[in-house]
Structure formats: structure tokens, C-alpha cells
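> The hints should help you fit chains B and C onto chain A, whose structure is shown.
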Amino acid sequence: MEQIYKSIIESLIFASDEPIGATEIVKAIKEIDGEDISVSTKDVEETVDYLNQCYKDNDRAFRIIRIANGFTFATKPEYAKYIGYLSSEKSRRRLSQAALETLAIIAYKQPITKPEIETIRGVNSDYIINSLLEKNLITIKGRAETIGRPLLYATTDEFLMYFGLNKITDLPKPREVEEIMKDSEFIEQKRKIMMNEIEEELENDVDSGENEFD
Amino acid sequence: MEQIYKSIIESLIFASDEPIGATEIVKAIKEIDGEDISVSTKDVEETVDYLNQCYKDNDRAFRIIRIANGFTFATKPEYAKYIGYLSSEKSRRRLSQAALETLAIIAYKQPITKPEIETIRGVNSDYIINSLLEKNLITIKGRAETIGRPLLYATTDEFLMYFGLNKITDLPKPREVEEIMKDSEFIEQKRKIMMNEIEEELENDVDSGENEFD
Amino acid sequence: MYKVKLNTFEGPLDLLLFFIKRDELDIYDIPISQITKEFMEYLHYIEKLDLEIAGDFLLMAATLMQIKVRMLLPKEVDEKGEEIDPRADLVKALLEYKRYKEMAEEFSVMEYNQRKINYRGNFSADPKEAPEEIGSLLKNITIYDLIKAFQKALMEKPEEIVHEVKKFNVTIEEQISYITDFVERSNYVHFLDLVKGMTEKIRIVVTFIALLELVKMNRIGITVSEKLNDFVIYKLDDGTDL
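Chains as they are written, first to last, in this note's numbering: chain A, 1 to 214; chain B, 215 to 428; chain C, 429 to 670.
Don't take each hint at face value.
[To be verified] Below, a list of computed lysine-lysine pairs in the BS3-like style, where the Cα atoms sit at most 25 angstroms apart:
{"#": "1", "chain 1": "A", "residue 1": "K173", "chain 2": "C", "residue 2": "K449"}
{"#": "2", "chain 1": "B", "residue 1": "K290", "chain 2": "C", "residue 2": "K556"}
{"#": "3", "chain 1": "B", "residue 1": "K256", "chain 2": "B", "residue 2": "K241"}
{"#": "4", "chain 1": "B", "residue 1": "K220", "chain 2": "A", "residue 2": "K81"}
{"#": "5", "chain 1": "A", "residue 1": "K141", "chain 2": "B", "residue 2": "K381"}
{"#": "6", "chain 1": "C", "residue 1": "K644", "chain 2": "B", "residue 2": "K355"}
{"#": "7", "chain 1": "C", "residue 1": "K520", "chain 2": "C", "residue 2": "K465"}
{"#": "8", "chain 1": "B", "residue 1": "K241", "chain 2": "B", "residue 2": "K270"}
{"#": "9", "chain 1": "A", "residue 1": "K42", "chain 2": "A", "residue 2": "K81"}
{"#": "10", "chain 1": "A", "residue 1": "K42", "chain 2": "B", "residue 2": "K295"}
{"#": "11", "chain 1": "A", "residue 1": "K167", "chain 2": "A", "residue 2": "K135"}
{"#": "12", "chain 1": "A", "residue 1": "K6", "chain 2": "B", "residue 2": "K290"}
{"#": "13", "chain 1": "A", "residue 1": "K27", "chain 2": "B", "residue 2": "K241"}
{"#": "14", "chain 1": "A", "residue 1": "K42", "chain 2": "A", "residue 2": "K173"}
{"#": "15", "chain 1": "B", "residue 1": "K295", "chain 2": "C", "residue 2": "K556"}
{"#": "16", "chain 1": "A", "residue 1": "K27", "chain 2": "A", "residue 2": "K42"}
{"#": "17", "chain 1": "A", "residue 1": "K114", "chain 2": "C", "residue 2": "K449"}
{"#": "18", "chain 1": "C", "residue 1": "K520", "chain 2": "A", "residue 2": "K173"}
{"#": "19", "chain 1": "A", "residue 1": "K6", "chain 2": "B", "residue 2": "K256"}
{"#": "20", "chain 1": "A", "residue 1": "K109", "chain 2": "A", "residue 2": "K81"}
{"#": "21", "chain 1": "C", "residue 1": "K644", "chain 2": "C", "residue 2": "K663"}
{"#": "22", "chain 1": "C", "residue 1": "K508", "chain 2": "A", "residue 2": "K109"}
{"#": "23", "chain 1": "C", "residue 1": "K449", "chain 2": "C", "residue 2": "K465"}
{"#": "24", "chain 1": "B", "residue 1": "K295", "chain 2": "A", "residue 2": "K27"}
{"#": "25", "chain 1": "C", "residue 1": "K496", "chain 2": "C", "residue 2": "K508"}
{"#": "26", "chain 1": "B", "residue 1": "K220", "chain 2": "A", "residue 2": "K27"}
{"#": "27", "chain 1": "B", "residue 1": "K295", "chain 2": "B", "residue 2": "K241"}
{"#": "28", "chain 1": "C", "residue 1": "K556", "chain 2": "B", "residue 2": "K349"}
{"#": "29", "chain 1": "B", "residue 1": "K323", "chain 2": "B", "residue 2": "K355"}
{"#": "30", "chain 1": "A", "residue 1": "K30", "chain 2": "B", "residue 2": "K241"}
{"#": "31", "chain 1": "C", "residue 1": "K624", "chain 2": "C", "residue 2": "K663"}
{"#": "32", "chain 1": "A", "residue 1": "K6", "chain 2": "A", "residue 2": "K109"}
Please keep in mind that the hints were generated in silico from the structure rather than gathered at the bench.
Pulled out of the complex, with its shape left as it was, chain A reads as follows (with noise of 0.2 angstroms):
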């Protein structure tokens, strides 16, 4: 591959406001100049490997990640604070506990349908489905060949990069069900970091001390 290429591969990634493929990079780029031209889905990712090097010797802000089945420009996580202070209006908020649930069940069942993931989750689930559909982190994908030919959901992409995976392979295997369990000290140990827990006293949210429980 010739030298310029480097520097296409750059601004088509750069100028891309969502992630861009491999296979999507080699087509913009022979389109332009020709199918003869000697650039290969390979020579990106050795591309995308050596412009990372660059900006980690030059101390850059930012680097290519390889994110939803492509490569993006993203900000090292240090900065996040100073980013975050600008873009405070629009206040990040982070996905309820059962959204996150919800969306577990869809990425690792997917396509279910919704009389499924009410099964697995014990409750009516049309709010939390409605809400991750407009959230575009699941879509509808068809329907399931069963009676009553249910609508089938699963993830998108907004999905793989809203939880900084490449594809849905990447995500974390869940584990057996004999397994779980065995230790409790593992949830009590993510606990922690979870940043939607807080435990808040019952009488702060109602008038009376009458509702505690033993």
C-alpha cells in the first residue's frame, strides 16, 4: 500500500461520524481511485495499529478504538472530567437497573420476544422495551415462527458502542447457573462499582416509620 493511504485511511476515519469498517474504507477508497489499487482490509488495521502508535508517541489526546464493528477517533478516559463539564447540560444519565437487565437478556437471548423476556425477568417489560427501542439500543428484527408470530428484538449497534464493545461476541460470558450461587461475595463485589445502587433509608422517602421490615 502506498504511503498516502495512511493518510486517507486517517481522514476517512476521522471525518466518519460513526464507526467505519475495514471493508467500508477499501470500498470509499477504490471507488475513488480505482479497483486496481493495492489496499486491503489488512493493510487498515496495520494502518489503524501504526497511526495509534503515532499518537501514543506524540502524547495525542486521542486514539483509534475499534468499536460496533469499526474503528472511531475517541478521547483517552482522563479527560473525561473536562468533557464532561462541558456537555453537563446534556447530563449523561446512566440506564436504570431494569434497563440494564432488560438488555442483558436481549443481548445474550437475541432475537427474543417480549413474552420471553417477561418470563425471564418475572415482570410486564412493554415500558423498558419501549424505551430501548427509542433509545436505539434494540431494534426489531422480524418476527418469531411461533403462535401468535411475536415481534423478535435484538441489539444494535448504538448498543455495542454505548457499552464500548467491538461486536457482540466481545461481550462477557455469563456464568453457568450452578456456578451463581457459590459465591456471593462476587455481587457484593460489583456492588461497589455500580454507580445506580444506593441504599437509601425507607423513612427519607415516606412520612412514617411504620414500614420497615425485619
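Then chains B and C, alone, in the frame of chain A:
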């Protein structure tokens, strides 16, 4: 000014949704690190010059430019044709809201005439219908037997492929969409019970933790 | 003394898991009457707060009661003669739910890490060149594509000024046999080749009408061409593709 602020300035310009002024940058930094931090708008200006010199020396495909009283990143003009190709591909893939609306009307009411579509949308739809025809998402399926024998429009196989459907009856029924939203008051109640809606400031989130880049 | 916040629970399964964890119960040997009592207290508590009781909680209450009753009855056995634990389905549901609840926590960690990353914010300043027309998007051909190709064929003909009104020297029948001869000879033909050399608009129009007739009669088929605004006409045998 400390060296680290060069990177912070770079990250702020990089991540800002619109051109960001030197004053804003100084404000963001002082807001996070304290008023006594020595960073002036002149420092910002100098840093931008320094960064641009770095990009030039290292043959980067982008620069920081001054636009509308602020700084923003831009790719170098010599790559415009490649980027142009990409954005045209995207516009092909993405349907505008108006087009999507029209397409939905046609999908659900097919076969349908233009006057009927326009009655529903309340606006002239010549342009959109033509562009949907061009994109091959809809097609002409004959003529209605009404006065003037207007053309009848229907969706194509490409349409089904575009939306990942096997057959047109796989489209979600309006009733099903309503079902997801049904009894919104009940759901709102439930949402209050079920969802831990915590608004968090990003600054609370940022800890000194892992850096996945290095 | 434990204090319970209402919105801690995502649903009845979550609530049951809470009781199990709090009281360090064995999930495989749940004391049904104890947990049913706790569960019912929770229901009353929601009532007290004058909140609408979710049907899901009521359903679980009914399930618990049913299990409780079955626990008191003589043991049931399956076809292999093994005792059926009336709690088995509930345990399975609890474990399955717990599995995803755990993954939700993993997701929360991923979300947390990801939020420290910011993407490029402003793309408006990137110079873009309007691209040339690239390739054809058409994957299958429709009447509309036929019309477009037809128009193109017409437009590419040099305008000929006709001074006198002539009787059309071409008929649909003639053009039908013209087309069928063509496809009989070579099985298929490009539309633009078919009309090549026709100098009169009317001849192209009639040829096109003839083509539509043949399609209607299922005697020829039409498919997409690799060329823009063109299509391929091919022979059909008894309405089936060759």
C-alpha cells in the same frame, strides 16, 4: 501552563459538538481544576498553534481550524473526495424522517395513490415519492380504478431487505406498537416503582481508575 | 432490622432473591411459608402506600400460595418415580433471572467505563466533495425501472422534426414478433440493443408496448442489467425461467 493542559485543550476541541472558544476552554479547565490554575486564552491560542505544528510535522490528515470564533477539527481538503464518497453512501443508507414517514404510509396502506398519501401527510409528496422510487424502496403497482386512474404505489423486495423482513406481513402492526405503549399511566406508576432513576453528574463518575488505552 | 426501599426491586423475582440473600436462605431449599409471608407483607406495604399493585406481584403471590399448598400435600412423583419438588420451577426461574441480573451488573461496569470516552464532536468543518454517480443500486427491476429505461432510450434519440403526418408504419404485432425473434435467436437481449438503430420515436414506443404485452403474456421475462437504465429481456418457456 502545565504540559498536561495541552492534551486537555486538544481533547476539549476534539470532543466539542461545535466550535469551542478559548474562553470556554479556560472556563472548563478552571471549573474542574480550580480558579488558581494558570491557563489563559493566550495559552489556548498558543497550544492550538503548537498542536497544528505537531500535526503538520507528523503528517496528520487533520488540523485545528478557527471558525465562528472558535476552534474545531477538520480534515485536510485533499481528502475531500474520499469523505464525500462516504457521506453520500451514508445518505443513501439513511432515510430522512419525511421519507421514512412516507414509506411507512405506503408500507401499511399499500397499494396507495399519491393523493391518498398526501391527504395523510398533509403536504405535497412528489419529491419524496420520486426519491423512494429512485432508491427502489417503493414501486408502481398499477393504477387505481378511481377517477383519473392515479398510480398505485407499493413497497419492493428491496424495502423488505432494507428492514430485514421476510414478508410484508412481518411489519409490526400499528396495534402492536400501541400495545407496547398501552396504559401509559399504569406504566408511569410502575416506572416510578421499578426504575432507579438517578441523575448523576459525570464528575461523580470519573474516578482515577483504569485507563484502557495504555 | 432491614429497611426496604420500594424501588430497589425490579419485580417479584428480584424481591424473592432479596429475601433469600438477606436471610441467607438456600435457594434450592426455600422455606416457602416463611417467604410467602414476607412476600405478602410486601404486598400489603405497597397497598399501604396506595400504589397500584403490579399484576406481576399478585401473580407471584398466587404462585407462592400454590406451592405452599402443594408442599403440604403428599409428595408427587414423576414418571421415573422421583419426587417432584413443587418449588423446582420457581428455583429455576430465580436462577435464570439471577444470571441476567448479574450480567446487568457487568453491563453497568461497561457502561461506566465507556462513559469516560468521548467521540469526535463536530464534523461540520470537514470538506466534502459531492461524489460522482457511482454504480446502480437497483437489485430488482420494476415497471418503474422499465419506464425510466424507456425514457432514456427516447431522450437519447436525436430529435427529428417531422413535417408531415404519416400513418404509423409499425404495429404492436410486428414488434412482438420482432422481439420474440430476437429472444428466440439468442435467449436474451438488452433493451438498449433491441431499440438500437430505431430512429423514429414511435417505433421505440410501440416496441416498448409490445414488450409489456409479452411480459403480460408471460412469454418473456425481464431482469436487471449491469448497465444503468437498461434491462435484459429473456425468453420464458411456459411461464418458467430458462
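> Next, verify each hint and record whether it holds.
Here is what the structure says about each hint:
1. A:K173 / C:K449: Holds, at roughly 23 angstroms.
2. B:K290 / C:K556: holds (10 angstroms)
3. B:K256 / B:K241: Holds, at roughly 13 angstroms.
4. B:K220 / A:K81: holds (15 angstroms)
5. A:K141 / B:K381: holds (12 angstroms)
6. C:K644 / B:K355: holds (14 angstroms)
7. C:K520 / C:K465: Between K520 (chain C) and K465 (chain C) the Cα gap is close to 21 angstroms, so the pair holds against 25 angstroms.
8. B:K241 / B:K270: Distance of about 28 angstroms is beyond 25 angstroms: violated.
9. A:K42 / A:K81: It is violated: about 35 angstroms lies between the C-alpha atoms, which goes past 25 angstroms.
10. A:K42 / B:K295: OK: K42 (chain A) and K295 (chain B) at ~23 angstroms, within 25 angstroms.
11. A:K167 / A:K135: Status holds; Cα separation ~19 angstroms.
12. A:K6 / B:K290: Judged against 25 angstroms, a Cα distance of about 13 angstroms means the pair holds.
13. A:K27 / B:K241: Distance ~43 angstroms between K27 (chain A) and K241 (chain B) Cα, so the pair is violated.
14. A:K42 / A:K173: With Cα atoms ~28 angstroms apart, K42 (chain A) and K173 (chain A) exceed 25 angstroms; violated.
15. B:K295 / C:K556: Holds, because 6 angstroms separates the two Cα atoms, which is no more than 25 angstroms.
16. A:K27 / A:K42: This hinted pair holds, its Cα atoms lying about 13 angstroms apart.
17. A:K114 / C:K449: Not OK: K114 (chain A) and K449 (chain C) at ~28 angstroms, beyond 25 angstroms, violated.
18. C:K520 / A:K173: Distance ~19 angstroms between K520 (chain C) and K173 (chain A) Cα, so the pair holds.
19. A:K6 / B:K256: violated (34 angstroms)
20. A:K109 / A:K81: violated (35 angstroms)
21. C:K644 / C:K663: holds (13 angstroms)
22. C:K508 / A:K109: With a Cα-Cα distance of about 32 angstroms, the restraint between K508 (chain C) and K109 (chain A) is violated, given a limit of 25 angstroms.
23. C:K449 / C:K465: holds (16 angstroms)
24. B:K295 / A:K27: holds (13 angstroms)
25. C:K496 / C:K508: Holds. K496 (chain C) to K508 (chain C) sits at ~24 angstroms (cutoff 25 angstroms).
26. B:K220 / A:K27: Violated - the C-alpha atoms of K27 (chain A) and K220 (chain B) are around 36 angstroms apart, more than 25 angstroms.
27. B:K295 / B:K241: violated (37 angstroms)
28. C:K556 / B:K349: holds (22 angstroms)
29. B:K323 / B:K355: holds (13 angstroms)
30. A:K30 / B:K241: violated (45 angstroms)
31. C:K624 / C:K663: Satisfied, since the Cα-Cα distance of roughly 19 angstroms is no more than 25 angstroms.
32. A:K6 / A:K109: violated (40 angstroms)
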